[in-house]
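Line order of the protein sequences matches chains A and B. Note that this note's numbering numbers the first sequence so that position 44 is 44, with each residue one more than the last. Note that this note's numbering numbers the second sequence so that position 122 is 122, with each residue one more than the last.
Bear in mind the hints are in silico, worked out from the structure with no lab data behind them. Note that the Cβ used here is the ideal one computed from N, Cα and C, for glycine as well. There's no promise every hint is true.
To be verified - From the structure, some residues in chain A lie toward chain B, with a derived Cβ separation under 8 Å:
(1) Leu175
(2) Leu177
(3) Arg179
(4) Glu196
(5) Asp221
(6) Ser222
(7) Ser282
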Amino acid sequence: MNDAPIIVQNVTRSFEGPPVVKDLSFAVKPGSIYGFLGRNGSGKTTTLRMLAGLIKPHAGEVRIMGNDPFTIGANERQWLGYMSEKAVIPAYIKVGSVLKLGRDLYQTWDSALAEAMLAKYDLSPRKRFMALSQGNQRLLGFIMAIAPRPKVLLLDEPAANLDVVARREILDDILELIRDCGCTVLLSTHILSDVERVADEIGILAKGNLRVSEPLDSLKDSIRQVRFFGFKNGAPNGDIPESFRTVRGKDELTLTLRTSSLTTPETLAQRWSCQQETRALSLEDIFVELSRS
Amino acid sequence: MYFLNPSSGVPLYVQLQQQLQQRILAGQFNHGDQLPSVRDFSAELGINPLTIAKVYQILEREGFVETRRGLGTYVSHQSPALKIEARRRQIGPALDQLVAEAMHLGLGEKEIQALLSDKFRQFKPKTVKPNPHE
Numbered sequence: 001m002n003d004a005p006i007i008v009q010n011v012t013r014s015f016e017g018p019p020v021v022k023d024l025s026f027a028v029k030p031g032s033i034y035g036f037l038g039r040n041g042s043g044k045t046t047t048l049r050m051l052a053g054l055i056k057p058h059a060g061e062v063r064i065m066g067n068d069p070f071t072i073g074a075n076e077r078q079w080l081g082y083m084s085e086k087a088v089i090p091a092y093i094k095v096g097s098v099l100k101l102g103r104d105l106y107q108t109w110d111s112a113l114a115e116a117m118l119a120k121y122d123l124s125p126r127k128r129f130m131a132l133s134q135g136n137q138r139l140l141g142f143i144m145a146i147a148p149r150p151k152v153l154l155l156d157e158p159a160a161n162l163d164v165v166a167r168r169e170i171l172d173d174i175l176e177l178i179r180d181c182g183c184t185v186l187l188s189t190h191i192l193s194d195v196e197r198v199a200d201e202i203g204i205l206a207k208g209n210l211r212v213s214e215p216l217d218s219l220k221d222s223i224r225q226v227r228f229f230g231f232k233n234g235a236p237n238g239d240i241p242e243s244f245r246t247v248r249g250k251d252e253l254t255l256t257l258r259t260s261s262l263t264t265p266e267t268l269a270q271r272w273s274c275q276q277e278t279r280a281l282s283l284e285d286i287f288v289e290l291s292r293s
Numbered sequence: 001m002y003f004l005n006p007s008s009g010v011p012l013y014v015q016l017q018q019q020l021q022q023r024i025l026a027g028q029f030n031h032g033d034q035l036p037s038v039r040d041f042s043a044e045l046g047i048n049p050l051t052i053a054k055v056y057q058i059l060e061r062e063g064f065v066e067t068r069r070g071l072g073t074y075v076s077h078q079s080p081a082l083k084i085e086a087r088r089r090q091i092g093p094a095l096d097q098l099v100a101e102a103m104h105l106g107l108g109e110k111e112i113q114a115l116l117s118d119k120f121r122q123f124k125p126k127t128v129k130p131n132p133h134e
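Take the sequences, apply the hints, and build the full model.
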């Protein structure tokens with residue numbers, strides 16, 4: 001994992017109170033998209049701000065392309081694209097001037113890409129930032145983050161306030177960046193359908209720590225909700241495998257569990273002399289089950 | 001046209017793999033046909049290129065396609081025996097569900113067999129094959 005472009009290791013950070021992020025560790029593989037999920041206040045933005053080098057962790061360390069984002073100079077900053085949760089662009093500045101600023105700051109700035117995206121999203125360079133709709137303000141932030149063709153892209157709720165079409169388009173833009181230059185993306189969002197379309201790995205953050213961090217496919221392949229019923233000798237009391245959620249009903253037992261070659265719904269049904277009915281869960285179901293428990 | 005539902009509990013790669021497999025088994029693709037490149041397919045479907053690469057890997061392992069270095073991914077020759085085996089595997093999950101449902105409802109093997117035979121009769125085309133000489 002040492003070659004991972006994004007590394008978070010045993011990081012803790014608080015703001016005048018209990019830690020917002022607690023002993024958090026994960027890494028994002030080169031060229032992949034990591035879907036960073038969590039409810040409001042779970043610590044997503046704090047983690048991204050630490051990775052962008054805006055706030056320091058109180059314990060542990062973060063690394064971008066092997067460097068501490070807090071000490072890197074202008075050259076290494078060229079690799080890092082960051083779209084913050086809130087706009088930090090002055091209200092009266094014009095769209096064209098914002099892009100000029102980007103062009104002057106980044107040697108790798110792709111003017112053609114920036115122009116093409118302005119046209120695609122119908123943003124006039126003559127408009128002042130404050131005159132843009134909330135969605136268009138987000139889009140401008142997105143253009144600023146990807147026009148330098150970064151090696152690492154940190155996106156904090158990029159799709160907030162965007163309509164469905166614009167959301168789908170920025171996902172396509174992200175994918176294109178990955179295909180073109182093998183960019184590594186950390187995508188924080190609570191719009192799960194977006195993540196399901198593009199993410200390789202998923203991290204679900206709850207109370208400052210990750211409940212899961214693994215490939216989306218393996219998550220969907222392994223987590224199942226199983227309803228056991230028709231017990232010949234009554235429902236089991238002990239000897240129940242670890243479950244994210246357990247619901248008991250009249251002569252039935254429903255478990256949300258991680259299946260493996262050893263723990264399958266079939267082997268459990270055999271052990272308890274009962275029948276079972278299994279259902280695969282969508283990411284939304286998994287997210288709710290894991291965030292609640 | 002591929003129908004992908006990212007919100008389904010079935011992973012995207014499984015959905016795409018099954019749909020490609022079905023098309024190959026149904027003869028929609030022929031031996032030697034080239035599949036879209038990972039890059040193009042990712043752009044067309046709006047999904048992660050790694051997902052496409054994974055599907056191609058699985059299809060290659062199962063003998064449906066072959067990768068020619070630097071050229072692309074091509075549909076490989078399917079022996080008739082392999083085709084039958086693959087078709088049986090493809091219908092496996094539907095059979096599992098049928099049997100599970102039947103047991104749940106307390107319907108026995110004989111009853112299900114009878115019901116299946118009825119269904120087959122219903123689905124069989126009623127009209128006689130058109131005569132090519134007409």
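Query - Proposed interface contact between serine 282 (chain A) and chain B, which counts if any beta carbon pair is under 8 Å - result: With Cβ-Cβ at 5 Å, under 8 Å, it holds.
Report task. Report holds or violated for the interface hint on serine 222 (chain A), using the least CB-CB distance to chain B and a cut-off of 8 Å. Result -> Violated. Min distance 10 Å.
**Report entry** Evaluation of the interface hint that places arginine 179 (chain A) against chain B, nearest CB under 8 Å
**Finding:** holds, 5 Å
Query raised in the report: Hint check: is the beta carbon of leucine 177 (chain A) less than 8 Å from a beta carbon of chain B?
Result: Hint on leucine 177 (chain A): violated, closest Cβ of chain B at ~11 Å, above 8 Å.
Query raised in the report: If you take the shortest Cβ to Cβ gap from leucine 175 (chain A) to chain B, is it below 8 Å?
Result: holds, 6 Å
**Report entry** When the least beta-carbon distance from aspartate 221 (chain A) to chain B is tested against 8 Å, hint result
**Finding:** Cβ of aspartate 221 (chain A) sits 6 Å from chain B, so the hint holds.
Requested in this report: Against chain B, run the beta carbon of glutamate 196 (chain A) and see if the smallest gap drops under 8 Å.
Outcome: Since chain B brings a Cβ to about 4 Å from glutamate 196 (chain A), closer than 8 Å, the hint holds.
Checked against the numbered hints given earlier, this structure breaks hints 2 and 6; the rest are met.
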